[in-house]
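Peer 1: Listed below are the residues making up each chain.
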Amino acid sequence: MSALAKRYDYLFRSTKGLALVGIAMISLVTAIWGMLSGPMMEWGVRDVVVRTLGMRMVEAEREGRIILLYHTIAMAVVAIETYFITDLVPVKRHEQRTINATITFGYLIAMVFGLGFGYFGHNFAFHGLYLLGLSLVFFAGLLLAAALWPWRKEYRLPKGSPYARGPGGLDLERLAFFVMAVATLGSAVFGAVTGSYWGNGHETFLAEDLIRQPEKTVLQKSIIGHLHIMLTLIAIALALIIGKWYDFKGIFHKIAMPMMILGTIVISIGAWSVVVVEWAHTIIYVGSVLVLLAALFLVIYGWNKLIRDRLAEQGIQKASLLQKIQALLHDPVKFGATWQMVFMNFTVSGVGIFMAVRLDEIFRVWPHREERITLTGHWHILSGIIATIILFYFVDMAGLKGRLRQWFGWLVIIGSDVAFASVTVFSMKRLFVSESAQQPLVNWTMLFADLGLALVLLVLAIFLLWRLFDLFHSRGRWAQELAESGVEEVIPESYSRPLPASGND
Amino acid sequence: MSGRFSLLLLGAMLLSACASAAAVVSPPLEIDTGVDASAWALVPRGEFLSGQHNHVTPVNYDYEIMVTDVTVAQFAAYLDSALADGWLKLDGQRILGYYPGDEFHAYEHEVEIKAGDYLHVPLDDPGLRLSYAGATFSAQPAYANHPMTLVTWFGAQAYCQYYGWRLPSEIEWEKAARGNDGRAFPWGNEIQPNNANYYSSYDLFEKIAGKGGSTSPVGFYNGKTYDGYATLDSPSPYGLYDMAGNVWQWTGDVYEKQHYRYLRGGSKDTYAYNLRVWTRNSAGPEYYSPAVGFRCAREVVK
Chain A
1 MSALAKRYDY
11 LFRSTKGLAL
21 VGIAMISLVT
31 AIWGMLSGPM
41 MEWGVRDVVV
51 RTLGMRMVEA
61 EREGRIILLY
71 HTIAMAVVAI
81 ETYFITDLVP
91 VKRHEQRTIN
101 ATITFGYLIA
111 MVFGLGFGYF
121 GHNFAFHGLY
131 LLGLSLVFFA
141 GLLLAAALWP
151 WRKEYRLPKG
161 SPYARGPGGL
171 DLERLAFFVM
181 AVATLGSAVF
191 GAVTGSYWGN
201 GHETFLAEDL
211 IRQPEKTVLQ
221 KSIIGHLHIM
231 LTLIAIALAL
241 IIGKWYDFKG
251 IFHKIAMPMM
261 ILGTIVISIG
271 AWSVVVVEWA
281 HTIIYVGSVL
291 VLLAALFLVI
301 YGWNKLIRDR
311 LAEQGIQKAS
321 LLQKIQALLH
331 DPVKFGATWQ
341 MVFMNFTVSG
351 VGIFMAVRLD
361 EIFRVWPHRE
371 ERITLTGHWH
381 ILSGIIATII
391 LFYFVDMAGL
401 KGRLRQWFGW
411 LVIIGSDVAF
421 ASVTVFSMKR
431 LFVSESAQQP
441 LVNWTMLFAD
451 LGLALVLLVL
461 AIFLLWRLFD
471 LFHSRGRWAQ
481 ELAESGVEEV
491 IPESYSRPLP
501 ASGND
Chain B
1 MSGRFSLLLL
11 GAMLLSACAS
21 AAAVVSPPLE
31 IDTGVDASAW
41 ALVPRGEFLS
51 GQHNHVTPVN
61 YDYEIMVTDV
71 TVAQFAAYLD
81 SALADGWLKL
91 DGQRILGYYP
101 GDEFHAYEHE
111 VEIKAGDYLH
121 VPLDDPGLRL
131 SYAGATFSAQ
141 PAYANHPMTL
151 VTWFGAQAYC
161 QYYGWRLPSE
171 IEWEKAARGN
181 DGRAFPWGNE
191 IQPNNANYYS
201 SYDLFEKIAG
211 KGGSTSPVGF
221 YNGKTYDGYA
231 TLDSPSPYGL
241 YDMAGNVWQW
251 TGDVYEKQHY
261 RYLRGGSKDT
271 YAYNLRVWTR
281 NSAGPEYYSP
291 AVGFRCAREV
301 VK
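Chains as they are written, first to last, in the numbering used here: chain A, 1 to 505; chain B, 1 to 302.
What the hints contain is simulated information worked out from the structure, not anything from laboratory work. Take the hints with a grain of salt, since some may be wrong.
As the list claims (entries may be wrong) - Examples of chain B residues toward chain A, derived with CB under 8 angstroms:
no., residue
1, His53
2, Asp125
3, Lys257
4, Tyr287
Glycine included, every Cβ here is placed at the ideal spot set by N, Cα and C.
Build the full structure now, drawing on both the sequences and the hints.
Peer 2: Below, the structure is given as structure tokens:
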């Protein structure tokens with residue numbers, strides 16, 4: 001019993017364990033639901049999965065199912081980011097425990113019952129429980145925002161601090177986390193309010209299907225604003241987390257944090273104002289520039305730090321360019337997190353800006369289905385990049401070292417970047433190949449995208465299996481991580497005391 | 001390192017695509033499906049359930065719609081006739097025709113369609129299934145009963161107009177495709193690979209021409225077995241064939257505040273979910289594709 005309790009403590013009370021469960025749950029969902037589309041559908045795997053699991057796939061409900069699936073995965077991602085934040089940003093121990101417990105319960109309920117409702121018949125009790133799960137995640141967000149309140153005296157920074165510091169010693173990085181949390185809560189409301197009209201004036205849709213509709217309803221605009229800002233805020237939260245990981249400080253930090261705070265506020269206002277203002281995009285662009293610049297400063301600082309730390313380790317005083325590059329690439333896990341942010345500019349931001357600039361000349365000339373592919377490719381890649389950055393941070397937390405760390409880092413970078421580059425080429429194919437001659441390009445890009453993704457998933461599966469088998473060792477890595485987490489110290493004595501022989505005693 | 005690797009891969013893909021651009025796709029078998037491409041089906045007046053969310057929609061008149069897409073052979077005959085009497089013009093490698101233009105509202109992203117000559121069919125596209133000598137056209141034999149593709153919206157509506165017909169509106173198209181019971185596909189609510197020609201449906205033509213395949217002859221999915229490949233009889237409730245898959249079909253609506261024209265039905269190049277009867281695609285009226293065709297509608301002939 002004690003052995004089980006300890007494992008429970010590790011998996012559901014320590015940051016590393018909670019993040020591991022979150023990643024494992026997303027992986028499980030991705031592994032199963034990934035078999036319903038793409039090459040798995042082409043190879044007939046989808047039909048086998050549907051039959052074996054007893055899924056009910058009504059054609060008219062496809063869009064609704066997909067929305068449920070996105071939400072369940074997104075909730076788990078939000079939970080993982082929350083675990084990282086409560087671990088990295090000083091909050092009180094009881095706050096951390098309450099926030100983590102609430103969000104864990106919330107995302108697991110949302111995931112299990114959301115997918116249950118969407119894919120296994122429509123039991124509306126499941127739908128209610130799914131909404132309860134989402135509500136708990138939202139409530140955990142409220143608790144997080146309260147815990148992050150940056151104006152508390154104990155969280156003020158002293159004069160001369162190397163970190164961005166506002167009036168009265170206000171910790172601007174903490175303020176950035178706080179603003180992100182509050183903006184996320186506000187943005188979630190946009191989706192929730194619209195969702196409450198479901199079946200009562202609101203019909204399920206995917207935003208990419210409405211892109212060419214000249215006039216959209218308020219509810220449709222609200223959803224479009226919601227989905228864009230939520231993914232953006234998840235990315236902003238992750239950039240802040242990576243900043244903590246890199247111990248981002250100094251002059252770049254002092255410039256970046258105000259930009260991040262202002263950028264987050266402006267982007268959020270821009271996305272919310274989509275509902276009422278025709279020129280909301282202009283507001284969003286202004287906010288995006290600020291946030292992207294802040295991220296750029298993080299990358300510059302981070303790469304300098306990676307080079308400096310490695311050269312110091314090697315005892316090299318005056319390094320050549322080659323030595324500096326080698327130092328930068330020395331640790332693919334830490335380098336990978338910021339490299340993926342840079343790579344995102346080629347496959348996501350760059351494509352997005354190009355689309356916006358050439359909208360009328362190119363993208364609106366192509367058939368809608370082509371534009372739709374570009375749009376869905378665009379944000380699938382952004383989600384994929386976010387996932388790889390989370391993985392890099394997590395494997396570092398999990399203490400992956402030596403050759404395994406090298407293999408993991410490089411295989412994830414190469415696999416994901418090949419896949420994302422291929423998908424980008426595929427989605428932009430109409431720029432350089434006509435429809436009559438596109439098939440070879442389609443075949444090649446799809447092959448490389450599948451191979452790249454398969455490589456990442458394989459590496460992830462190996463990592464997760466390692467961690468799964470580790471749980472069967474009484475003195476495994478998990479036990480060490482549990483001890484380091486300090487969770488055991490706060491477990492009441494009675495919790496680990498042997499149970500009495502009879503429950504009535 | 002990975003960035004350079006990605007660049008190399010990108011280059012390899014582009015080179016590969018360019019090298020294969022002129023690759024000749026094997027012509028499909030000449031197949032007689034037995035379905036009459038000149039037949040029309042009557043769609044009676046009455047309400048039906050339209051769109052993904054099944055809105056009750058009235059159609060207060062009877063109309064007729066072609067049982068199949070317009071075929072390459074039919075289009076070749078039209079070209080000969082319409083060029084001869086000046087309805088169309090041959091301009092180098094392009095067939096052009098006059099369009100009187102649309103009302104322009106200068107709405108966001110709206111492109112003005114002025115009166116003038118517009119492209120109907122490009123003759124230099126490698127996917128063209130017509131042979132021609134001067135202004136005389138004929139269908140390539142293996143494709144004679146395949147849907148005519150590479151026709152712009154201008155070309156499709158001009159074809160119908162030439163014979164006194166019109167392109168069906170989206171509502172007319174959808175009613176003809178699904179009847180009035182709210183079904184997802186013309187034949188019912190489920191799709192099997194041998195119901196229709198779609199991407200990775202492993203049909204006879206994908207076996208011949210590779211992934212992405214080729215168009216299939218109109219009326220191919222009629223329950224017959226061809227060269228060992230058994231099809232399911234997949235007409236719409238009114239007896240129309242190919243209302244899902246094979247080629248997208250132009251519809252006739254010209255909507256306010258936009259220049260887009262809408263297409264329905266999915267194609268050989270799309271996954272099955274695009275074949276659901278409510279799925280919409282759109283493009284500018286000068287867009288043409290080897291996966292886009294059309295059929296006409298008309299008032300009931302008394």
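Peer 1: Work down the list of hints and note, for each, if the structure agrees.
Peer 2: Evaluated hints:
A hinted interface residue such as histidine 53 of chain B counts as satisfied when its beta carbon comes closer than 8 angstroms to some beta carbon of chain A; here the least separation is about 5 angstroms, so the hint holds. Hint status for aspartate 125 of chain B: holds, given a least beta-carbon distance of 6 angstroms to chain A, under 8 angstroms. Checking lysine 257 of chain B against chain A by beta carbon gives a least distance of about 4 angstroms; that is within 8 angstroms, so the hint holds. For tyrosine 287 of chain B, the interface hint holds, the least distance from its beta-carbon to any beta-carbon of chain A being 6 angstroms, beneath 8 angstroms.
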